[in-house]
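Each residue of the sequence shown is one higher than the one before, starting from 1 at the first, in our numbering.
None of these hints come from the bench; they were simulated from the model.
Small disclaimer: the values here were computed from a predicted structure and weren't measured.
Yeah, the Cβ is synthetic: ideal placement off N, Cα and C, and Gly gets one too.
Watch out, some of these pointers could steer you wrong.
Each pair of labels, with its calculated beta carbon distance range [unchecked claim]:
1) N269 to I305: 27 to 33 Å
2) E230 to G259: 38 to 44 Å
3) Q2 to F219: 30 to 36 Å
4) A225 to N269: 55 to 61 Å
5) N269 to S80: 17 to 23 Å
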Amino acid sequence: MQGVITIFVVTIIIFILFQASGSPLNALRVNPNLNQATLQYYIELFGLDQPWYVQLYRYIVNMFTFNFGPSLSQGRPVSSIVSEALPRTLFLFGGAVIIEYALGVFVGRYIAWKRGRFSEGTAILTSLFFYNMPSFWIALILLFAFAFEFPIFPLNGFTGPDFVVTHYPWAGEPGSLLFNLVDIVSHSFLPMLALVLITAAGSILLMQTSMLEVMGEDFILTARAKGLSERAVRRRHAARNAYLPVVTSLAISLGFVVGGAIILEGIFNYKGLGTYLLIGIFNHDQFLAGAVLFMISVLVISGNIVADILYGWLDPRVRF
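Using the sequences and the hints given, assemble the complete structure.
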């Protein structure tokens, strides 16, 4: 219920922001071939001649029913654009989050258990290096190294059969399952890698700190006194309790991860929600930009709900 209320409030904020920026038809008014009759038709069609509270009501209803209207810059319904872009962003965002936290948990747990060794210092320095590097720098370095200097991966886009045919002849015939899989993975690899490098450092450092705190607790000493192996103590007792702060940080950082994904989508021309958000903003396409912001909000809030459920599964003391 809280998630629905949050989405409702976010929708109102989006409406206010775009109302403050002017009419959504401003992009059409610059067209010298647009006559007054056509402009009046659009005003009545979108209800722009109605009081603000009527417009707000219609806006909320349209958003919650996914009736986003037409994209004035792309010349097609916004719903069709969102239906194409959403799976791409989910693949990039979801894959990066899963890899990031799996890597963070594994590496953070390992260097905490092997404290004082060379591997700990190496992992911490590497994490801090990527943590403090701007996301666009990482993206540009990856593009230069692996798409331009050594063209292992494509420069941009979500799919591109020509690149796969040229560089991955073993993928088979165009249209086959393997070919399509290689096509999508090869185009998504660099933006996903950039997003993982940017965000994994925080998970690694947090997991290490959490593990070090847990390892000093009395129940760890009790587990060792029972004769349990170090592997069992680390996995069943220390790591399970150390996961809790990491899961909490997941819920907090989802918005930042999505923000990073938007920037990276623009750099890699990935054609996900982030790319279309930038297109909508730069072209003053309020219908497109508003719909994308709404869907991004739904993604972030849904991720927070999943994190809450996961937290309750890890900590039996939490009840919903």
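Going through the hints against the structure:
The given range of 27 to 33 Å is respected by N269 and I305, whose C-beta atoms sit roughly 31 Å from each other. At about 40 Å, the CB distance of E230 to G259 agrees with the hint of 38 to 44 Å. Range check, Q2 to F219: about 33 Å between beta-carbon atoms, so the 30 to 36 Å window is met. At about 58 Å, the CB distance of A225 to N269 agrees with the hint of 55 to 61 Å.
Take N269 and S80: their Cβ atoms lie about 19 Å apart, and the range 17 to 23 Å holds.
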